[in-house]
Amino acid sequence: MHVSYRARCGMDERNRPLELRNKLFTLLKERAFRRGRIVLASGRESDFYFDMKPAMLDPEGAGLLAELILQEIHGVMADCIGGLEMGAVPLIAPVAMRSPEFGRRLPGFFVRKAVKDHGTKKRVDGADIAGKTVVILEDVTTTGGSAMDAVKVVEEAGAKVALVLSILDRGEGAAELYAKAGIPFKSLFRAEEFLAAA
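The sequence shown begins at 1 in the working numbering and counts up by one.
Derived from the structure by calculation, the hints contain no laboratory data. For glycine and all other residues, C-beta sits at the position ideal for the given N, C-alpha and C. Keep in mind that the hints are not guaranteed to be accurate.
As the list claims (entries may be wrong) - Computed cross-link-like contacts, DSSO-like style, restricted to lysine-lysine with a CA-CA straight-line distance of at most 27 Å:
(1) Lys53 / Lys23
(2) Lys132 / Lys186
(3) Lys132 / Lys152
(4) Lys186 / Lys152
(5) Lys186 / Lys160
(6) Lys160 / Lys132
What the hints assert, rightly or not - Pairwise CB distance ranges (calculated):
(7) Met77 / Leu20: 20 to 26 Å
(8) Lys53 / Val76: 37 to 43 Å
(9) Met97 / Lys29: 23 to 29 Å
(10) Ala114 / Arg14: 43 to 49 Å
Could you build the full structure based on these sequences and the hints that come with them?
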């Protein structure tokens, strides 16, 4: 039997989003947050980093992320969800799979960093996004450059971006970049939350 998002988040489950967020925070703190010098995708150096893959590919982590993402995009008019390989790929399938539980069907797609030199030679794989409105997912956002690359490819493919949603915003310019481009941006967490709890 289908249970709607509204029914699942009714009076008896008012605290569910906060409980899920707290569980995910604990899981990310244990499995994704690391101290140590590293060069980020943006080229900047940092003394801390987030490797989201162990959490995204964990059964509990995948479930928590999918539910929180679907709660976050409730009310956002979108036909599909996707993002740039590789960071967004582990997010896309569980969100697409669980979307009917939230009263909608969101097929997934991903944007290749480069066109394949064989096969279909497509840059966007998965759902056909031409003429659709999409949400772009990202694992960790620093300057916003990686997801902005995906946004450009998606727009060239004939889609409109309703929102860029990241698991974590490092707070290093992404929000400003998206605001300047007129693209709504949200994140489930901010880096400072983990730094404060370290």
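Now the hints, each set against the structure:
For the proposed pair Lys53 and Lys23, the alpha carbon gap of about 17 Å is at most 27 Å, so the pair holds. The straight-line distance between the Cα atoms of Lys132 and Lys186 is roughly 20 Å, inside the 27 Å bound, and the hint therefore holds. Taking the CA atoms of Lys132 and Lys152, the gap is near 14 Å; set against the 27 Å cutoff, the hint holds. Proximity of Lys186 to Lys152 is assessed by CA-CA distance (about 18 Å); at most 27 Å being required, the pair is judged to hold.
Simply put, Lys186 and Lys160 have alpha-carbon atoms about 17 Å apart, close enough for the 27 Å limit, and the pair holds. As the CA atoms of Lys160 and Lys132 are separated by approximately 6 Å, the hinted pair is consistent with the 27 Å bound. Between Met77 and Leu20 the beta carbons are some 24 Å apart, a value that agrees with the proposed interval 20 to 26 Å. Lys53 and Val76 have their C-beta atoms about 26 Å apart, which leaves the hinted 37 to 43 Å range violated.
Range check, Met97 to Lys29: Cβ separation about 26 Å, and the 23 to 29 Å hint holds. Taking 43 to 49 Å as the suggested C-beta distance range, the pair Ala114 and Arg14 conforms, at roughly 46 Å.
Hint compliance for this structure: hint 8 is the single one not met.
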